[in-house]
Amino acid sequence: MTASHSRLTLNPGRFFDPDPAIRRVAREIYHETSQLPLVCPHGHVDPRLLATNDPFPEPTALILQPDHYILRMLYSRGVGLEQLGVPTRDGSGVERDPRRIWSTFARHYYLLRGTPTRVWLDHELAEVFGVRTRLDADSADAVYDEITEKLASPEFRPRALFDRFRIDALVTTDSAADSLEHHQAIRESGWKGRVLPCFRPDAVFQIAAPGWLEAIAALGDAASTPISDYATFIRVLEDRREFFKTMGATATDHAVVEPYTARLEHDEAAIVFERALAGSATVADQRAFEAHLLMEMARMSVADGLVMQLHAGSFRDHNTPLAERFGPNVGGDIPVTTEYTRNLRPLLNAYGADPRFALIVFTLDESTYSRELAPLAGHYPAVRLGPPWWFHDSIEGMMRFRQRTTETAGIYNTVGFNDDTRAFCSIPARHDLARRVDANYLGGLVARHVIEPSDAREMARALAYELPKEAYRL
Amino acid sequence: MTASHSRLTLNPGRFFDPDPAIRRVAREIYHETSQLPLVCPHGHVDPRLLATNDPFPEPTALILQPDHYILRMLYSRGVGLEQLGVPTRDGSGVERDPRRIWSTFARHYYLLRGTPTRVWLDHELAEVFGVRTRLDADSADAVYDEITEKLASPEFRPRALFDRFRIDALVTTDSAADSLEHHQAIRESGWKGRVLPCFRPDAVFQIAAPGWLEAIAALGDAASTPISDYATFIRVLEDRREFFKTMGATATDHAVVEPYTARLEHDEAAIVFERALAGSATVADQRAFEAHLLMEMARMSVADGLVMQLHAGSFRDHNTPLAERFGPNVGGDIPVTTEYTRNLRPLLNAYGADPRFALIVFTLDESTYSRELAPLAGHYPAVRLGPPWWFHDSIEGMMRFRQRTTETAGIYNTVGFNDDTRAFCSIPARHDLARRVDANYLGGLVARHVIEPSDAREMARALAYELPKEAYRL
Amino acid sequence: MTASHSRLTLNPGRFFDPDPAIRRVAREIYHETSQLPLVCPHGHVDPRLLATNDPFPEPTALILQPDHYILRMLYSRGVGLEQLGVPTRDGSGVERDPRRIWSTFARHYYLLRGTPTRVWLDHELAEVFGVRTRLDADSADAVYDEITEKLASPEFRPRALFDRFRIDALVTTDSAADSLEHHQAIRESGWKGRVLPCFRPDAVFQIAAPGWLEAIAALGDAASTPISDYATFIRVLEDRREFFKTMGATATDHAVVEPYTARLEHDEAAIVFERALAGSATVADQRAFEAHLLMEMARMSVADGLVMQLHAGSFRDHNTPLAERFGPNVGGDIPVTTEYTRNLRPLLNAYGADPRFALIVFTLDESTYSRELAPLAGHYPAVRLGPPWWFHDSIEGMMRFRQRTTETAGIYNTVGFNDDTRAFCSIPARHDLARRVDANYLGGLVARHVIEPSDAREMARALAYELPKEAYRL
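Protein chains in written order, with this note's numbering: chain S, 145 to 618; chain E, 145 to 618; chain P, 145 to 618.
Just chain S, same shape as in the assembly (with noise of 0.2 Å):
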């Protein structure tokens, strides 16, 4: 490297308020949460990485492409998915060079300038591979090789990572068909490392869309139980569940639009099922089953004992062109205004006082952060509130999360911190970040005399270690 490239250092007292009396409690509080090992309670890292241990690719494909608030930034200034690598669906005309790429990245790197995007970006290079050179276009070639020179060493295969990164665990998102065959063969191999899965069947749920009538047969393959019928779909769901739990699982998971919950008739929910067996499912007939799904998903986390998790609010591939071109998960979707005081009544009257029963809700809509989801929270036995989701995942949206839910859900009926991330090599990065601001939180309130600071200290260690060791049942 010349000396032309300007250093990237980490300042130690990052993202703390500049006020000295807050930044002295921060700092206290970070430097014993920064020691704790980091539970992962929930995520999308791939669990064949773990399973080969192969070496990670180059940059380009390791950093890079699978990070949609990267791709969705630099698209929405103009340079487009093909210059950036993404596989289009009809495999056409992209940038195939890596280094090219990762070129291209770098002379748009300040367009992250304020996000937190950029933070974990510049934690990762700094930390995780020591680099000491800011990214720009007069760098990039320099720090695309000292990464890859890294990537070629022990250090860097997956398994030294985890452990490096002193992962307590690790969980995945599955499908519902999905053979964990990844798990197995983690179990299978002698190595310690904590890699969970967690079943989320939003796939065979959506009777409308289309791939439904394949989600379902791919399902019924699965169990190696042809499903035919509504009675038939709710045995396999059941069976299904324990299959996960018996490969370590502790959470299910369900993405929904609407969290519309409301239970159907045997008799109704069996003949709606036939409907889309049929091809003829209407967005009513999914609407009302997706409802009737959510009641029987908490009905069998009472049984089970599965942690029922709710990420609703989120309009999927919005941009259809784009969609259609590169398929889904490059950055097209947006988040709906979302109701949960009404919509969740139904679940909630059915089973948020048995104490049998968790869920954790997520929302894309701080707006319901103080009127619905703090009350609910505080209030029904059952709910616990997810951390500050995807957007929010954030210095100011962590802030506004616990300045907006405390004062009425305390930080209790909270769960920690997920990382949410299919970026391994980020995880040490998010987790940082969100001791940090919870630190600086917790560091307001002491230096307003709200809390006292040994008040502050055990809260900050609930956050960081053991309410989602607890919430998630890990």
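Since the hints were made in silico from the structure, they are not lab data.
Using N, Cα and C, we set each Cβ at its ideal position, and we do this for glycine too.
Careful, some of the hints might be misleading.
[Claimed, not checked] Covered stretches of chain P, going by a simulated chain E footprint (3 or more residues, C-beta under 8 Å):
#	region
1	256-262
2	346-355
3	403-417
[Said to hold, decoys possible] Some chain P residues close to chain E (C-beta under 7 Å, calculated; not the full set):
#	residue
4	G222
5	S511
6	I595
7	S598
Using the hints, position chains E and P against chain S.
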């Protein structure tokens, strides 16, 4: 008390920003407003307390059981209301030993860290009862005994506390059929404390609710006028308002889920009312009738000068099984999205510019502060904004309210503080917190040179004392 | 002026956080941006001012009467618009003595404490007019005289102020039928000030509104083309856009209550248009037609390169009796909840990735910042976020905007500042406030080590100058 208990002290600079420039101004402002008497224009204290002036019962019945903030938080983390001694409607299975309940509470007191409930309670324990020990599992008995002892002395009788708290006026909330016998008894007692009723006729507006016929019968009894048609109903409402006025009332209060207003033709209203008397009013009937009665309440306010309060957006008794077991007001009410711009338009077009009319609006939907409520209050002469309500009556909640409404509506379209409490002994704590938060807000404006220090002092005095007196016509 | 008047001074560090670490950086950043010329890409200054260059009238007509922020606040506390000299539509009963009106204003100036209106006015008085006395009841006459004297001098003619304010470009807002004669006169005058029109065709889109037929007739006259069918209407719109372009326009602007977009088939559009010409268009027709015309505007923008602005969510003339007495724009518009994700989808799916298209979106519903707008702007290449609009163009409002949008959309998907004002002499005050708030926001990021100081300087320059130039293609 043994030395192992940790000391309960209230920092004199609590809740102020740690920045020295803000804190200095905030303390100066607070120093002045802390001397002012308390104006309590809206709340739920039982007037019987002050009519009989009987000693308060022991600490659990005084502090814990009437406080739905505490009940909901403990319930949310698995403490059954039975364990907290909340009476069931069928009288079954409830813990009756107040000391044991107090101990359960103390063991879970940590759940309230970072909440206003904790702040209020610590203030109440320290300032009202002189407790010098933090409440926790170890200190529970000692604190219980200390409060019990205090309650036995004449200085802790309700009227003595009323005087010690320097309450300028205390307004209760009373049903339309209430005889106001306790207010009468207070007047006749010769005691000088100002305790005034407020007319809250919700129960007789909800024509589709179970119990409406009983409520109408009670109203007829109170007025010595059987209510067999709509015209009589309206006349009785007018008479009752007049009666409340003679007993000192200056305001009415109305709780609705949706603040929908729309006038029915007289014939329509009469027909709907007839249907209600026949027990066949629908939910749609009730919606239309409530909307009409809000118009009628505004019309009557123009005539009789009673200030109209509107509390919108609480979904009552969300947890049906809990409400069936324990009745209302045990913490199971959850806010919903609330629309004001379109809903209030008919009422405001009819009465919003009448100088005789005053409407104080409250919300549980903070997204309406800057979008709807500040613009409405910053335009219509009749509209004022009530203070942050319920879940939002908190440090962060009050800051959000000022930050989102002042720039559009100023402070002179707001009405100062309401303690809105059932818990008589928590009144000073609540006003103290509000005055501190306002001082801190104004201190921040001074430190950033948005307002002059002399402005800030005048504004602080207005918020703490003058605005509630003026807005409520006290 | 007598010694009893209190002194008006503007603190050089005003609106910056009092924390020394933030304030130091904020002042450095502001020191640089305060030197940059003003870019005014969206506003409501009357171009006649600069065409005739006549002296401004006295202070009341210049400062008070065109400012609906002032009118609404005084009206809200009981000062009738008649007392403020706002002309009634029937010409009746209005105060006509400007000095008396100014005095009424001064007496109520305290109502504006803590609002941006007050901050702007103090800046305008001090910096534009050199007033050194705080405005209040006592100083009213003296301040009035001082401004009046200034207005008589050539240095206070509109063009002289334009130059003194260092305005780089000033864009007006003009109806589709406008002759742009004043813009023409400015061009022909030889004066070098850049005053550009903006095409705002709302009036001809609202087919169910009273006055639509007149608006269409006026449009036909302006284009010398009678508009008797839909195809002609579209062609005239295209022609008028072209004409505006030749007069320097770079943008169009569209105000809608709901940002609904959906294409009608050509036949449907023609039929609806015919119904409108026959005077029988319904509200539903208008909704569908406006949605269609937004699609058409985007299509034309792709072709002619005019940037499309969309201002959504204002319920105009909420106070009907007031609008009937005084007409529009007297402070009676109130925001409503606004949905963007689903409403804009048809338009964005059709044009949102076209590099020729640019859409700048504004909102009065702050809950959409983080939920919908930042995700949309952080994804679609065509979408940029307009600055905080109207009620939210304030210190806290601008901070909320940055805090809720930057982490998802960055700053490069925003367009810098709009002063959006009718009040020509308030332009420097508004830009000054915006630059201070941005400097303070960026100073906070630097002090918390979220960005580097060198990043902050570049970002500040972009926000103050480069982004508006680029986004509006100026």
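Each hint, compared with the structure:
1. 256-262: Held - the region 256-262 of chain P has 5 residues with a Cβ nearer than 8 Å to chain E, which meets the minimum of three.
2. 346-355: Answer violated; 0 residues pass the 8 Å Cβ test.
3. 403-417: Not satisfied, violated; 0 residues make the cut.
4. G222: Status holds, d = 5 Å.
5. S511: holds, 4 Å
6. I595: For I595 (chain P), the interface hint is violated, since the closest Cβ of chain E sits about 22 Å away, which is over 7 Å.
7. S598: violated, 26 Å
Checked against the numbered hints above, the structure violates hints 2, 3, 6, 7; every other hint is satisfied.
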